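Put together the whole structure using the sequences plus the hints.
Quick mapping for you: the protein sequence lines, in order, are chains F and R. Under numbering that gives the first Met the number 0, residues 0 to 272 are what the first sequence spells out, in order. Under numbering that gives the first Met the number 0, residues 0 to 271 are what the second sequence spells out, in order.
Hints in this document: simulated from the structure, not taken from any laboratory. This structure is a prediction, so every number in the text was calculated from the model and none was measured. Keep in mind that a hint or two might mislead.
[Stated by the list, open to error] Here chain F is said to cover these stretches of chain R; the calculated rule only asks that three of the stretch's residues, wherever they fall, bring their Cβ under 8 Å from a Cβ of chain F:
(1) 153-167
(2) 176-184
(3) 214-221
[To be verified] Simulated pairs of lysine to any residue, SDA-like, Cα-Cα distance not exceeding 25 Å:
(4) F:K51 <-> R:Y97
(5) F:K104 <-> R:W259
(6) F:K104 <-> R:P173
(7) F:K106 <-> R:V160
(8) F:K104 <-> R:L176
(9) F:K106 <-> R:L176
(10) F:K51 <-> R:G178
(11) F:K106 <-> F:G96
[What the hints assert, rightly or not] One side of the interface only, derived from the structure: several residues of chain F facing chain R at Cβ under 7 Å:
(12) L56
(13) G62
(14) P74
(15) F80
(16) F82
(17) E84
(18) R87
(19) S88
(20) P91
(21) Q105
(22) L130
(23) A132
(24) Y133
(25) W135
(26) Y248
Note that CB positions come from ideal geometry on N, CA and C, so glycine has one too.
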Amino acid sequence: MHPRLAVSGLRKVYEGSGRRVEAVRDLTFTVEAGELVCLVGPSGCGKTTLLKCMAGLLAPTSGEVLLEGRRVTGPPPDMAFVFQEYGRSLFPWMRVGENVELPLKQKGLARARRRELVADALRSVGLEDALSAYPWQLSGGMQQRVAIARALAYEPRVLLMDEPFAAVDAQTRADLEDLVRGLWRERGITILFVTHDIDEAVYLGERVLVLSASPTVVQEQLKVDLPAERDQLHTRVAPRFAELRTHVYEQIQAAKRGTPVDRLTKSDAPEPH
Amino acid sequence: MTGTSLRRAGAGAWRRVLLRLLFTLALPAVLVTAWWVASDGSTNVYWPPLRTILKAFPDVWTGERLRTDVRPSVLRLLGGYATAAVVGVALGTVIGSYRRVRAVCEPVLEFLRAVPPPVLVPVIMLFAGIGDTMKVVVIASGCVWPVLLNTVEGVRAVDPVMAETARSYGISGPARLRGVVLPSASPQIFAGLRQALSIGIILMVISEMFAASNGLGFTIVQFQRGFAIADMWTGILVLGLLGFVLSVLFQVVERRVLGWYHGLRASTRRSP
Numbered sequence: 000m001h002p003r004l005a006v007s008g009l010r011k012v013y014e015g016s017g018r019r020v021e022a023v024r025d026l027t028f029t030v031e032a033g034e035l036v037c038l039v040g041p042s043g044c045g046k047t048t049l050l051k052c053m054a055g056l057l058a059p060t061s062g063e064v065l066l067e068g069r070r071v072t073g074p075p076p077d078m079a080f081v082f083q084e085y086g087r088s089l090f091p092w093m094r095v096g097e098n099v100e101l102p103l104k105q106k107g108l109a110r111a112r113r114r115e116l117v118a119d120a121l122r123s124v125g126l127e128d129a130l131s132a133y134p135w136q137l138s139g140g141m142q143q144r145v146a147i148a149r150a151l152a153y154e155p156r157v158l159l160m161d162e163p164f165a166a167v168d169a170q171t172r173a174d175l176e177d178l179v180r181g182l183w184r185e186r187g188i189t190i191l192f193v194t195h196d197i198d199e200a201v202y203l204g205e206r207v208l209v210l211s212a213s214p215t216v217v218q219e220q221l222k223v224d225l226p227a228e229r230d231q232l233h234t235r236v237a238p239r240f241a242e243l244r245t246h247v248y249e250q251i252q253a254a255k256r257g258t259p260v261d262r263l264t265k266s267d268a269p270e271p272h
Numbered sequence: 000m001t002g003t004s005l006r007r008a009g010a011g012a013w014r015r016v017l018l019r020l021l022f023t024l025a026l027p028a029v030l031v032t033a034w035w036v037a038s039d040g041s042t043n044v045y046w047p048p049l050r051t052i053l054k055a056f057p058d059v060w061t062g063e064r065l066r067t068d069v070r071p072s073v074l075r076l077l078g079g080y081a082t083a084a085v086v087g088v089a090l091g092t093v094i095g096s097y098r099r100v101r102a103v104c105e106p107v108l109e110f111l112r113a114v115p116p117p118v119l120v121p122v123i124m125l126f127a128g129i130g131d132t133m134k135v136v137v138i139a140s141g142c143v144w145p146v147l148l149n150t151v152e153g154v155r156a157v158d159p160v161m162a163e164t165a166r167s168y169g170i171s172g173p174a175r176l177r178g179v180v181l182p183s184a185s186p187q188i189f190a191g192l193r194q195a196l197s198i199g200i201i202l203m204v205i206s207e208m209f210a211a212s213n214g215l216g217f218t219i220v221q222f223q224r225g226f227a228i229a230d231m232w233t234g235i236l237v238l239g240l241l242g243f244v245l246s247v248l249f250q251v252v253e254r255r256v257l258g259w260y261h262g263l264r265a266s267t268r269r270s271p
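See the structure below:
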């Protein structure tokens, strides 16, 4: 049995104008079916690069990403991606319903089935009334809900989320976190959630992967043994939550200290390894 | 929002509309009055009083004349303009989408764009004759550049996050073109189409002045040669009105097609 997602020896080096930037050095980890895993790391540690490699949007320099044992070479049809920049990820010339429906048309689904999926997805994120609004008529949090609905309607087996709540205000963010946990429990999708917010990672995840500073490796894997039923009020003040977040915080501080500050190496310099 | 503030907003909207109307009409009214007053006592043959011109207007622009002269002009303009729009958007999309094609085409485009289109009239006459084809070709060859160049820029400027979103959902080929690339480029394409419209009117008149047996440009030149100066001035008024009507029509279409764009811009202005 293959794990749902397997990343092995992933390395990504950006090259350009005599400079090489090693964004991701050597990442290996797996995500089992139905897991909710949070990736957390210091800012600029190549989280987005990693996620885009997993989504088939970027080709890794070496190593590979396997989705149920099959190598990812382009965007796979059973994977959906939620971007941080919701304002630029939704198409402003389409109404909310059309935005959610567009990928389904491309999948070749029949009209009735598309309608059904769109309505169901919008209901799941609490936006059934926004079907014929334009995205720019909605608040930031609602726009990100639309982007999540679009991903849900696509019926992916894996949902990749790239710091989806980094640009919304704190209260909206708490609501959206609960929404994601609720959807995960309801639908059993495998979710990989990237964030730079330690509290968010611990609150949401069943497992937290702590990444080092760039060039990135996995610093630590941590099982979150909080009860499955979580809520903003009680979970966040639970002693175990505090222990876990302190632990992750220390790991990230160590990650920042433990790696060389100079991330840029000249192309003529010997390869760091 | 309470009822009172809603009503106040409604009253505010009405006031804005009235003010806008006032601003729009104020300058034309001043100019027409100035023309009227300044030309009133004129005895200069080439500069007849506006009163004389307006009196001549209904006699000159009869239904018959609209049919024989205005209609062919407008049809030529629309033919040339539509050709330019289709060719410009199609070529511009191809050139904008592929870096290689762009590298090859760019120098040539810059050269061709720099050639003033009226210069092409005698050249185009050589192979397209002096019929309607020549006029349509002249209009199209002048209108195509702003459309083409703006489309190239618009297609190139597709937001990278939108492009990645489309890719991650497997949206490619015609669906990507119709659903993502062209709508995203449409504000720029419309800017090009708007420039092309005024170029088209100029070329319509010029091509008819060179060689034609009917049309607005032809008629105006005929009046001038026959020393029917007041009639000539009415022709110029008709041209101005035609340009105005076309630009209003253009705006109506643009408001419809780019409604989302104006809404988006208004919403980002409200909350930067």
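Do the hints match the structure? See the list:
1. 153-167: holds (count 7)
2. 176-184: Since three or more residues must qualify, the claim that chain F covers the region 176-184 of chain R holds, with 4 doing so at under 8 Å.
3. 214-221: That given contact is violated, which follows from only 0 residues of the region 214-221 of chain R lying within Cβ reach (below 8 Å) of chain F.
4. F:K51 <-> R:Y97: Since the Cα atoms of K51 of chain F and Y97 of chain R sit roughly 23 Å apart, the hinted pair holds (cutoff 25 Å).
5. F:K104 <-> R:W259: holds, 22 Å
6. F:K104 <-> R:P173: holds, 12 Å
7. F:K106 <-> R:V160: Since the Cα atoms of K106 of chain F and V160 of chain R sit roughly 21 Å apart, the hinted pair holds (cutoff 25 Å).
8. F:K104 <-> R:L176: Roughly 14 Å between the alpha carbons, so the hint for K104 of chain F and L176 of chain R holds.
9. F:K106 <-> R:L176: holds, 16 Å
10. F:K51 <-> R:G178: holds, 23 Å
11. F:K106 <-> F:G96: Between K106 of chain F and G96 of chain F the Cα gap is close to 16 Å, so the pair holds against 25 Å.
12. L56: L56 of chain F check passes; min Cβ-Cβ to chain R is 6 Å, inside 7 Å.
13. G62: Not OK, violated: G62 of chain F not within 7 Å of chain R, min 20 Å.
14. P74: holds, 5 Å
15. F80: holds, 4 Å
16. F82: With a minimum Cβ separation of about 6 Å from chain R (threshold 7 Å), the hint on F82 of chain F holds.
17. E84: Because about 5 Å separates E84 of chain F from the closest Cβ in chain R, which is inside the 7 Å limit, the hint holds.
18. R87: At about 4 Å, which falls below the 7 Å cut-off, the nearest Cβ of chain R leaves the hint on R87 of chain F intact, so it holds.
19. S88: holds, 5 Å
20. P91: Given a least distance of 5 Å, the restraint on P91 of chain F holds.
21. Q105: holds, 5 Å
22. L130: violated, 16 Å
23. A132: With a minimum Cβ separation of about 10 Å from chain R (threshold 7 Å), the hint on A132 of chain F is violated.
24. Y133: holds, 6 Å
25. W135: holds, 4 Å
26. Y248: At about 30 Å, which exceeds the 7 Å cut-off, the nearest Cβ of chain R leaves the hint on Y248 of chain F violated.
Violated hints, listed in ascending order, are 3, 13, 22, 23 and 26; each of the other numbered hints is respected by the structure.
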